[in-house]
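> As a plain string of letters, each chain reads:
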Amino acid sequence: MEDFGSPIRRSVLMILTVVFIGVLFVRLYVLQLLYHQELGKKSEENSVRTIIKEPIRGYVFDRAGRLVVDVGPSYSVALTPVEFDAQNLKLLSSLLQLEPDVIQERINRGRAYSRFSPTRIKRDIDFRTLSALEEYQFLLPGISFLIDSKRIYPTGSRATHILGYCKEISDAQLARASDYYRQGDVIGSSGIEASYENLLRGQKGFEFIAVNARGQVIGRFEQGQNDKLPNEGFDLILGIDFELQAFAESLMANYRGAIVAVDPNDGSILAMVSKPDFDPAIFSGVTPPEIWSALNLDTTKPLFNRATMTNYPPGSTYKMVLAAAALEEGVIDEQYKITCFGSYRFGNRVFKDLGVHGSVNIVQAIQRSCNVFFYQLIHKVGFQRWTEYGKKFGFGRRTGIDITEENSGLLPSADYFDRVYGKGKWTQGYLVSLAIGQGELGVSPLQMAMYVAALANGGSLHQPHAVNFIRNKLTNRVERIDYSSQPVGLSDRTIELIREGMMRVVEAPGGTASLARIPEIVSAGKTGTAQNPHGLDHAWYVGFAPFEKPTIAVAVMLENAGFGGSKAAPIAGLVIEKYIKGKVERRFYAPKPKQAPSDTTTRVTHLQPN
Amino acid sequence: MSNFFQEYFDAKIFFIAIALVIIGLVSVYSATYDAGATATFYKQTMWAIVGFVALITAALVPMKTIQRIALPSYAAIVGMLVMLLLIGKTISGSQSWFGIGGFGIQPSEFAKVTAILTLAVFLSKSTTDISRLKDLLIAFGIVAIPMVLILAQPDLGTAVVFFGMALPILYWAGASNFVLAVIIAPILVAAGALFGTTIFLISVAISSVMLYLARENRFTAVVAFGLTLFIGVSVQTIYERMPAYQQKRIMTFINPEADPQGAGYNVLQSKVAIGSGGLLGKGYLRGTQTQLNFIPEQWTDFIFCVPGEEFGFVGASLVLILFASLLIRGINIASLSKNKFGSTVAIGITAVLALHTFVNIGMSMGLMPVIGIPLPFLSYGGSALLANMTMAGLLMNVYAHRKEY
Numbered sequence: 014m015e016d017f018g019s020p021i022r023r024s025v026l027m028i029l030t031v032v033f034i035g036v037l038f039v040r041l042y043v044l045q046l047l048y049h050q051e052l053g054k055k056s057e058e059n060s061v062r063t064i065i066k067e068p069i070r071g072y073v074f075d076r077a078g079r080l081v082v083d084v085g086p087s088y089s090v091a092l093t094p095v096e097f098d099a100q101n102l103k104l105l106s107s108l109l110q111l112e113p114d115v116i117q118e119r120i121n122r123g124r125a126y127s128r129f130s131p132t133r134i135k136r137d138i139d140f141r142t143l144s145a146l147e148e149y150q151f152l153l154p155g156i157s158f159l160i161d162s163k164r165i166y167p168t169g170s171r172a173t174h175i176l177g178y179c180k181e182i183s184d185a186q187l188a189r190a191s192d193y194y195r196q197g198d199v200i201g202s203s204g205i206e207a208s209y210e211n212l213l214r215g216q217k218g219f220e221f222i223a224v225n226a227r228g229q230v231i232g233r234f235e236q237g238q239n240d241k242l243p244n245e246g247f248d249l250i251l252g253i254d255f256e257l258q259a260f261a262e263s264l265m266a267n268y269r270g271a272i273v274a275v276d277p278n279d280g281s282i283l284a285m286v287s288k289p290d291f292d293p294a295i296f297s298g299v300t301p302p303e304i305w306s307a308l309n310l311d312t313t314k315p316l317f318n319r320a321t322m323t324n325y326p327p328g329s330t331y332k333m334v335l336a337a338a339a340l341e342e343g344v345i346d347e348q349y350k351i352t353c354f355g356s357y358r359f360g361n362r363v364f365k366d367l368g369v370h371g372s373v374n375i376v377q378a379i380q381r382s383c384n385v386f387f388y389q390l391i392h393k394v395g396f397q398r399w400t401e402y403g404k405k406f407g408f409g410r411r412t413g414i415d416i417t418e419e420n421s422g423l424l425p426s427a428d429y430f431d432r433v434y435g436k437g438k439w440t441q442g443y444l445v446s447l448a449i450g451q452g453e454l455g456v457s458p459l460q461m462a463m464y465v466a467a468l469a470n471g472g473s474l475h476q477p478h479a480v481n482f483i484r485n486k487l488t489n490r491v492e493r494i495d496y497s498s499q500p501v502g503l504s505d506r507t508i509e510l511i512r513e514g515m516m517r518v519v520e521a522p523g524g525t526a527s528l529a530r531i532p533e534i535v536s537a538g539k540t541g542t543a544q545n546p547h548g549l550d551h552a553w554y555v556g557f558a559p560f561e562k563p564t565i566a567v568a569v570m571l572e573n574a575g576f577g578g579s580k581a582a583p584i585a586g587l588v589i590e591k592y593i594k595g596k597v598e599r600r601f602y603a604p605k606p607k608q609a610p611s612d613t614t615t616r617v618t619h620l621q622p623n
Numbered sequence: 306m307s308n309f310f311q312e313y314f315d316a317k318i319f320f321i322a323i324a325l326v327i328i329g330l331v332s333v334y335s336a337t338y339d340a341g342a343t344a345t346f347y348k349q350t351m352w353a354i355v356g357f358v359a360l361i362t363a364a365l366v367p368m369k370t371i372q373r374i375a376l377p378s379y380a381a382i383v384g385m386l387v388m389l390l391l392i393g394k395t396i397s398g399s400q401s402w403f404g405i406g407g408f409g410i411q412p413s414e415f416a417k418v419t420a421i422l423t424l425a426v427f428l429s430k431s432t433t434d435i436s437r438l439k440d441l442l443i444a445f446g447i448v449a450i451p452m453v454l455i456l457a458q459p460d461l462g463t464a465v466v467f468f469g470m471a472l473p474i475l476y477w478a479g480a481s482n483f484v485l486a487v488i489i490a491p492i493l494v495a496a497g498a499l500f501g502t503t504i505f506l507i508s509v510a511i512s513s514v515m516l517y518l519a520r521e522n523r524f525t526a527v528v529a530f531g532l533t534l535f536i537g538v539s540v541q542t543i544y545e546r547m548p549a550y551q552q553k554r555i556m557t558f559i560n561p562e563a564d565p566q567g568a569g570y571n572v573l574q575s576k577v578a579i580g581s582g583g584l585l586g587k588g589y590l591r592g593t594q595t596q597l598n599f600i601p602e603q604w605t606d607f608i609f610c611v612p613g614e615e616f617g618f619v620g621a622s623l624v625l626i627l628f629a630s631l632l633i634r635g636i637n638i639a640s641l642s643k644n645k646f647g648s649t650v651a652i653g654i655t656a657v658l659a660l661h662t663f664v665n666i667g668m669s670m671g672l673m674p675v676i677g678i679p680l681p682f683l684s685y686g687g688s689a690l691l692a693n694m695t696m697a698g699l700l701m702n703v704y705a706h707r708k709e710y
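Chains V and B are the protein sequences, given in the same order.
With our numbering applied, the first sequence covers 14 to 623.
With our numbering applied, the second sequence covers 306 to 710.
Chain V on its own, in the form it takes in the complex:
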């Protein structure tokens, strides 16, 4: 008993007490100061739900101020994973007509983001589904409705490839996109919807609400001081004239091909048609997978923008490039003449012409599209200078149009042939074809339109663009978008001679495009027929008007349609007349759309909602 309350025992108990309290202190320090951020975030996740407020996507107006892309309400079904009872999956599945697996998959992905915030299960439900769900809502905790917006196209025209479309973000897009996007969001996926996505979409808003441990809403989190209203998307004002667009689309009803009409003075696009196309409204709500795969698998490729992505030889429409090179480099002058006997022999090959043109100068050669003149000329100009002038007119590279779907085409050079065929393995005979725009030369209708616009405006190569202005919703000001333009670098005389030739193509007897003539308006142009090893020739026409002070430049390309002069030229004439006069008074052949049941375009039209 002598040990009772001994100093050693007192010290042992003291030390134990201090050690235990010390351990608690260290733990407190670790939790509150070292892991504060992590645990603070957890506590916020616990009690704060974020409600995303979708912004209204920007509107699109045309050149004349017409509303061409509108926004309408669309209801989506959303589900908050933490509140949803998995036993209700079957009921939900039958109400939504969606496989339980699909719903489960969406719930899982939503949960991965946050089990406390609603995730979209189905977009753009119809009114019947909405009312059925509302009726059963008391049985389905965790189900809510979100009002989204969807695209509405109030005009008769489609302008499919320039407007593009929005659709629900794909996994691949989600992986690439910024943190802004979430599963179920809609994103611009082609055309201006894609390239102006950041402006059109606006900024999401957030509302923070506080919930208790059972998930019941108690009120706004911190009196809503952290809430943020959504910012409306900016509006776009296009250079496109939708009356002209509709008219151009109607002219192309039975063709595969493209029309590009631009204002030669600033490069703004007036109309852009690519056929076949599809109604962009089919993407405005939910896109059933069968429609998407039908569009993708269609052999006529309706998703493909023929105006900017095709890569066909331009045929004789390209002759002005060679003419410009020859005149500008002083290889020939305007008096220089050759005599055309209807064919041209190079080596042991004979290159044919379409007629016997006799003695022709440069202007006449353009007017009558004399091949022999240009066959001879290419050897005088040489490959290098021919390529160089092609570059000056913007060939072989992208035009920089404000949509992303565009190809650069192919402008060959000696280096290119060396690479493809090997040094010395190709002959000057290849050049002969290139002289008249055949062979290994690839251009898009858009490149052709910008080229002819440069000839029309006296030598400026503009950056083509669909959008002229944006309405900034933050400042509520209309802002002009600046685009680049560069001089081609031709003397006035050279341009004058080429324009003279092109005017004669249309207006003079013996010109190849008399079918492009427009009453009371003097226009200029050039026909082309691109040889096509896979089938019928592609028909080309490029032109501009009025001749003295051009306001429109047009390129028309018709796949497998035959001669440019007979097929493409009349269409261009009608487009030009419609634009300049506002209407076409003369009688013309207005094609009725073919009603072939096998045509996807038609099938898609039938399938589209409403």
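Computed from the model, here is a short list of chain B residues facing chain V with C-beta under 8 angstroms:
id : residue
1  : TYR476
2  : ILE579
3  : ALA621
4  : ILE666
In case anyone wonders, no lab produced these hints; they're calculated from the structure.
All C-beta atoms in this analysis are idealised placements derived from N, C-alpha and C, irrespective of residue type, glycine included.
Given chain V, put chain B in place with the hints provided.
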């Protein structure tokens, strides 16, 4: 007057206890503020007033009286515990309450006090020699009787406290190191057995070193070691033969965070609450975890989250410092007291308060298994508050009579 006060009034215990009670009331108010349980706060305030009277009374009653009533009150409480098992009302799955009017009384809280007093009476008798096996067993018996009855309720937490408080009391009273080693070694080895072979072997090694250093003769040491090893191996064997669900239940008891939706939910939310408080806290009544009821029944066992979340590191540290001061003062009073009874009472009370503090706060921060024992002075619970304030009063009483032999 001031001399008289210094001599007989222990201001430290008094003010620390009052400060902790006030912090407790403030915390209970916050924890029940939005949960529709403000009646809880008023009840607790009433108990605090009753408790204050109990504290003053316990501080003033003559020591002889306390010694005299120790055994009868111990017997009365044991009788109540027996009755409880037969007629008590069930709260959260255990029969630990007597209903009297609108209030419930929890005899197990008072059983701690009476057990300490009775043990102190026994140990302070001149005829008692703790080194004799018979007296050691009697001392254990005094603690074991209420402990077994409480374990049968079943209230594991309080039972653990009974066992836990016996060790420091016996140690203080002069039990040899060997006795303590014989008690601690099997517990250590049995616990180690649940954590796999490596930990088991380490616990065996520590136990054998402990027994070796504390040995009195070779024979008893070897027997004790054999017994220890036998217990350890048995626990391991039993554990391995258990059905998986029972093993899982034991594992989640040891490591609740392994089951965040079930047993670990409270601990996880409690850690989140404390951690999210940061340095200065979210502000009074503004703790989201507390106010939005993420911690069920927070005002009882998880009350420490309130100062942790709403007043942050600064507030929680203050609470820890108050408890540390209280415990250190308790040990000092035990040393200052010249009579064995007072000294033993002081060490027993300090041991009970220390166990509650370490286990409860440790549990709130995920350091201890979740065994439901309240935080002294802070947790909601009238009986506990009354018992704790009585114990504070007894500490003051021991201080006042420290010079009497």
